[in-house]
Amino acid sequence: MNYHIRHRIKHGITRRQSLTLIGATLAAMALPTASLFANTGGMRHKTFAGTDKTLPVIGMGTWRTFNVGSDPELLDARTEVVKAFFEYGGGLIDSSPMYGSAPDVMGYALQQLGTPESLFSAEKVWSPAGGSAGEQVAELKERWKVEHFDLVQVHNLTDWREHLAALQEMKAEGIIRHVGITTSHSRRHREIEQIMTSEDIDFVQLTYNITHREAENRLLPLAEERGIGVIANRPYDGGSLIQNLKRRDAPLPEWANEECGCTTWADFLLKFIVSHPAVTCAIPATTQVEHLHENMRAGHDPMPSANARQRMAAYIESL
Amino acid sequence: MNAWTSYQLQDFIPFTAEVYFRLLERMGETFWPLHLLTFAMGATTLFLALRYRTRLARLLPAPLWAFVAVAFFIQRYAELNWAGGYVGYAFIVQTVLLVVMALTGWGMDKTSSRTSLPVVMGTAITLFGLIIMPLMAPLSGGSWYQAEVFGIHADPTAVTTLGLMLIMLRGFALWIAVIIPALWLVVSGLTLQVLESTGAAVLFAVLVIALVGLVWKSIASKR
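So the protein lines, in turn, are chains A and B.
Here the first sequence is numbered in our numbering, starting from 1 and rising by one per residue.
Here the second sequence is numbered in our numbering, starting from 1 and rising by one per residue.
Examples of chain A residues lying across from chain B (beta carbon under 10 Å, computed):
| id | residue |
| --- | --- |
| 1 | Val68 |
| 2 | Ser186 |
| 3 | Arg187 |
Pairwise CB distance ranges (calculated):
| id | chain 1 | residue 1 | chain 2 | residue 2 | range |
| --- | --- | --- | --- | --- | --- |
| 4 | A | Ala314 | B | Tyr86 | 46 to 52 Å |
| 5 | B | Gln10 | A | Gln112 | 26 to 32 Å |
| 6 | A | Gln310 | B | Tyr86 | 46 to 52 Å |
| 7 | A | Glu317 | B | Leu37 | 56 to 62 Å |
If you're looking for bench data, these hints aren't it; they were derived computationally from the structure.
Keep in mind that this is a model prediction, so the values were computed, not measured.
C-beta: ideal position from N, C-alpha, C; glycine also.
With the rest of the complex left out, here is chain A:
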């Protein structure tokens, strides 16, 4: 391109060509580059849990990606990812004591960057039960270096009765703001449904992506009906979904760009998830700032219509 432009200038350009060149330059400047988007704040938000509070539709998961131990090089690299996340107006970050050092790494990043107001900190409690939820939350707050958690969830329904009761007490005392439950890989959906029906929870976290749509049958409609926020985990099916599409060099359909502005596979896969009316946000995980840019851009309008969503699912099935 540069050679092409230089070549033309060297041989003299007409006034018309000059105007075309200036127009093209201005158009290029208006392209949604990462830095420009970071300041636009164009991320779509959704209300949750029957409140008027809102969350950006793209959050961030930390499974595997933020478990870097005490490696100084990788700690700084992950801090850059968190920094970019907040520059894009990111909100929900989800972690778990089961994710190794991920809560400590988040604490390191927040200490370096300061804790932004937009942070919606989501953690989990797991076994052993028997009154340990309070201790776990206290320890995790130290690791994250935060004053409180916005959401604490029962990890994979582990001893959920005891944990949920303890979390409800903490919520009543103002120690945490919201409570929830999690599952993944479409496990134990019947039990999840029972809890969503019988318990007073604010959030449910489950696996929902374009190739794992079991939640559409009962859980997502139920969440909508009961005003329960939905966090969609494994949006890329643990990375394999987007990696396979990229590896196979699968073509992104042109109609996806026309219908909902999809220019990358990240757009296609994430817009599909967060455009479901019941889904509050998706939590893709990444180790790279470049991928984070892609993820965050997917939270911008336009979003696919119901018809476009069906077309998207059919297209992925056809590949």
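We have chain A already, so just place chain B on it with the hints.
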């Protein structure tokens, strides 16, 4: 969907390949030039084992197992995977086992010829763990700090010990002494498989060869 059958191997590996290989590299950066001492101890052990000086040969690797248990598993690997602490304790058990075997002389094999197939296989496995494994990372484009070395990193420590036990022990004691090294190599091989590293195939190949040697030696000693 059945909750348990839905789990996959990658659900149990909570870190990425980048993080794991950085951990190995950090071990190299932190402890260099201790590698020279541990290598010398490994080479001396092999020399003594082939000279039938098996008591001392069993004692020499013991402190290295304790070092890997603490420095690699308990202090570093456990940061990434809560199960790492338990693996560290298993390595300490192996340390104790080696010391007890050295003190009691249990299961010493002073009859197998150096040219018998299990001893040749044991020697080959030991040399592989001592010399070839440290060269694999640098030869495949990595830095020298990424070299995995006997007595510093878990995999070459387990591989080399597996070979040494095959040379020095016989009977029930042999099978007892290889349980922890072999189990770790299975865990490590599966981990590397999830991380899409070719090192997985190498570890599984070593395990198969060692198993053939173990069975061969057990059958031969009963004749």
